[in-house]
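*Asks:* This is what each chain is made of:
Protein chains: 2
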Amino acid sequence: MSGQKIIAVVGLGLIGGSMAAALRGFEDYKVVGVARRQETVDYALRHHICDEATTDPMEVLPRADVVWLCMNPKGIVRYLDEYKSVFKPGCLVTDVGGVKTAIMEGAKVLPETVDFIGCHPMAGTEFSGIEHSFKTMFQRAHFIVTPRAESSQAHLDLMSRFAHYIGCADVITTSAEKHDAIIAYTSQVMHIIAVAVCDDEDLFQCRGFEGGSFRDCTRVAALDVGLWTQLFSMNAPALSKVIERLEVNLHAYREAIDKGDEGFLAEKLAWSANRKRQMNLPGPGQVVL
Amino acid sequence: MSGQKIIAVVGLGLIGGSMAAALRGFEDYKVVGVARRQETVDYALRHHICDEATTDPMEVLPRADVVWLCMNPKGIVRYLDEYKSVFKPGCLVTDVGGVKTAIMEGAKVLPETVDFIGCHPMAGTEFSGIEHSFKTMFQRAHFIVTPRAESSQAHLDLMSRFAHYIGCADVITTSAEKHDAIIAYTSQVMHIIAVAVCDDEDLFQCRGFEGGSFRDCTRVAALDVGLWTQLFSMNAPALSKVIERLEVNLHAYREAIDKGDEGFLAEKLAWSANRKRQMNLPGPGQVVL
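These protein sequences, in sequence, are chains A and B.
Reminder that position 273 of the first sequence reads as 273 in my numbering, one-by-one numbering, no gaps.
Reminder that position 72 of the second sequence reads as 72 in my numbering, one-by-one numbering, no gaps.
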């Protein structure tokens, strides 16, 4: 065995597969994938998603300098508990989970010798599974990190170099609680909107009448049910509040439309459109071809 | 003057500019743009958006074989009334308006010698003005037509050839009333969602935390206020009903999340996600580079 350092990517699904592929070639590390099924390991090796891959965590975790947990949130929490005494002393464990409070809480089981920095790369698609992974997934995405007070500067720097290497736009450092409160708005409620729109009785009559706004708004509705059930449930109070605020804002638009006062409606639209313009965000997200 | 036939595109904004550019070279027609401002005419000619362009409708309308009205809906209705006796006998007048009942009603002022077929190409962006127009705008878009009972087959065929030439995915023929009812759902409420999302108190705190779903869902929020005030107002009853249904569907999701029953939430999500999958729509709309 060479003296190469090891990044273990555990869970080779949509995100894990993309992360492994994006990390290949990083500095003097090799990327070793860990999957439950041999079929996934074979796929990963055949498609050069990892340098090596295995179904046996015990083969790689005790030697890994970085462990990137890419399962769903509950799977991450379970894994931390199950392998807490296996991780190599001095290593960095991180993750990709879309909720951070529960995961940071789960990471408390780790021994003092193991560093944990929560991570949420703001990227993904409505698909799941390694066959939909692609190594450019994280390009121009925000890379959110939620360190612990005791996280080492060396590991924080390493996280930044990872973010840069996989093409992220920036590194945002925040607390788990703040992350979860904001993500309820920027990501979770967008998924609730998408599914709620698809609940409409007119859905199947609208073929041939949909344009870009419909496709964009409902794109994420075909979501991974298991994953999103966890994400929504583990952030329920924050998400519930955001949905309620959206109901109020939609209702205000309905009243403005019912009122039949075009001047009033125009003012209201101008106010909202101006808020959007102030956001000055990049246009449509990356395109998956 | 040559024997070339003439398509007059009236109103060289985002849609009119794109339509003129997309139509250039169609069969043995030349495309003549009509704009209010000389500046727009100059821009159109400098960028080869039209074969010819003028600020004077009287110069082209009496000779035009096809007149494509590309203003906002009220502008189209006013124009039909103002120029009803100027259009060339036997010509086809059409439009691009996002509401059709009011426009088909407005077209009743035309003399019997002038054919009118309503049209709504399901394409556009959140920008406005000729400087944002692009000739590939209509590629893969639905091309909806609302003919009158007395529309000639020759003109219907011509509309289909236009749709094909500008790259539309298909031609959907329907009534103005059905168009307006469905469009309230597939397009108008998507715009209401986008502005309502931007009304949220967390909007400006979410920079750095937004991903593809947020960008996609709010893309159209920076809308053309004058245009959308008209579109919403001219279709208010249908739109109001769709917003109300969305409020109900969102509320049901909020209740499911508050309930804390993961099995129930998973079932609900699976049901909605499956509806979306059944739609089997193409992915993200065309990308504007």
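There's no promise every hint is true.
[As the list claims (entries may be wrong)] Negatives, chain B to chain A, calculated, CB over 10 Å:
id: 1; residue: Arg46
id: 2; residue: Gly90
id: 3; residue: Thr101
[Unchecked claim] Computed cross-link-like contacts, DMTMM-like style, restricted to lysine to aspartate or glutamate with a CA-CA straight-line distance of at most 25 Å:
id: 4; chain 1: A; residue 1: Lys241; chain 2: B; residue 2: Asp258
id: 5; chain 1: B; residue 1: Lys268; chain 2: A; residue 2: Glu105
id: 6; chain 1: A; residue 1: Lys74; chain 2: B; residue 2: Glu255
id: 7; chain 1: A; residue 1: Lys241; chain 2: B; residue 2: Glu201
id: 8; chain 1: B; residue 1: Lys241; chain 2: A; residue 2: Glu247
id: 9; chain 1: B; residue 1: Lys241; chain 2: A; residue 2: Glu105
id: 10; chain 1: B; residue 1: Lys74; chain 2: A; residue 2: Glu105
id: 11; chain 1: A; residue 1: Lys241; chain 2: B; residue 2: Asp261
id: 12; chain 1: A; residue 1: Lys241; chain 2: B; residue 2: Glu262
id: 13; chain 1: B; residue 1: Lys74; chain 2: A; residue 2: Glu255
id: 14; chain 1: B; residue 1: Lys135; chain 2: B; residue 2: Glu112
id: 15; chain 1: A; residue 1: Lys241; chain 2: A; residue 2: Asp200
id: 16; chain 1: B; residue 1: Lys259; chain 2: A; residue 2: Glu131
id: 17; chain 1: B; residue 1: Lys259; chain 2: A; residue 2: Asp199
id: 18; chain 1: B; residue 1: Lys241; chain 2: A; residue 2: Glu244
id: 19; chain 1: B; residue 1: Lys178; chain 2: A; residue 2: Asp200
id: 20; chain 1: B; residue 1: Lys268; chain 2: A; residue 2: Glu244
id: 21; chain 1: A; residue 1: Lys178; chain 2: A; residue 2: Glu247
[Claimed, not checked] Just so you have them, the derived chain A footprint on chain B, three or more residues with Cβ under 8 Å:
id: 22; segment: 234–242
id: 23; segment: 249–255
It should be emphasised that the hints constitute simulated quantities derived from the structure, not laboratory data.
Don't be surprised by glycine CBs; every beta carbon is placed ideally from N, CA and C.
*Asks:* Compare the structure with each hint and give your call.
*Replies:* Right, here's what the structure says about each hint:
The beta carbon of B/Arg46 sits about 25 Å from the closest Cβ of chain A, which is more than 10 Å, so the claim that it is off the interface holds. Against chain A, the non-interface label of B/Gly90 holds: every CB pair exceeds 10 Å, the least being about 30 Å. Every CB of chain A lies more than 10 Å from the CB of B/Thr101, the least distance being 15 Å, so the non-interface label holds. Restraint check for A/Lys241 and B/Asp258: satisfied, since their Cα atoms lie roughly 10 Å apart, inside the 25 Å limit.
Annotation: proposed proximity of B/Lys268 to A/Glu105 is violated, straight-line Cα distance about 28 Å (limit 25 Å). With a C-alpha separation of about 23 Å, the suggested pair A/Lys74 and B/Glu255 falls inside the 25 Å cut-off, and the hint holds. Of the pairs offered as hints, the one joining A/Lys241 and B/Glu201 holds, with about 11 Å between alpha carbons and a cut-off of 25 Å not exceeded. Taken as a hint, the B/Lys241 and A/Glu247 pair is honoured in the structure, with Cα atoms around 14 Å apart against an allowance of 25 Å.
Between the alpha carbons of B/Lys241 and A/Glu105 the distance comes to roughly 44 Å, so the proposed pair goes past 25 Å and is violated. A distance of roughly 58 Å separates the Cα atoms of B/Lys74 and A/Glu105; the hinted pair therefore is violated under the 25 Å criterion. A C-alpha spacing of about 18 Å is found between A/Lys241 and B/Asp261, which places the hinted pair at or below 25 Å, so the restraint holds. Of the supplied pair hints, the one linking A/Lys241 and B/Glu262 holds, its CA atoms being roughly 18 Å apart against a limit of 25 Å.
With a C-alpha separation of about 23 Å, the suggested pair B/Lys74 and A/Glu255 falls inside the 25 Å cut-off, and the hint holds. Of the pairs offered as hints, the one joining B/Lys135 and B/Glu112 is violated, with about 33 Å between alpha carbons and a cut-off of 25 Å exceeded. Proposed proximity of A/Lys241 and A/Asp200 is supported: the alpha carbons are some 22 Å apart, at most 25 Å. With a C-alpha separation of about 35 Å, the suggested pairing of B/Lys259 with A/Glu131 is violated against the 25 Å cut-off.
The straight-line distance between the Cα atoms of B/Lys259 and A/Asp199 is roughly 19 Å, inside the 25 Å bound, and the hint therefore holds. A threshold of 25 Å between alpha carbons decides the hint, and for B/Lys241 with A/Glu244 the separation of about 19 Å falls inside it, so the pair holds. Restraint check for B/Lys178 and A/Asp200: satisfied, since their Cα atoms lie roughly 16 Å apart, inside the 25 Å limit. Distance restraint check for B/Lys268 and A/Glu244: the Cα-Cα separation of roughly 18 Å lies within the 25 Å cut-off, and the hinted pair is therefore satisfied.
For a cut-off of 25 Å, the pair hint linking A/Lys178 to A/Glu247 stands: about 23 Å separates their Cα positions. A stretch counts as covered by a chain when three or more of its residues have a beta carbon under 8 Å from one of that chain; for the segment 234–242 of chain B and chain A the count is 4, and the coverage holds. Remark: the segment 249–255 of chain B is confirmed as covered by chain A, as 6 of its residues place a Cβ nearer than 8 Å to a Cβ of that chain, reaching the required three.
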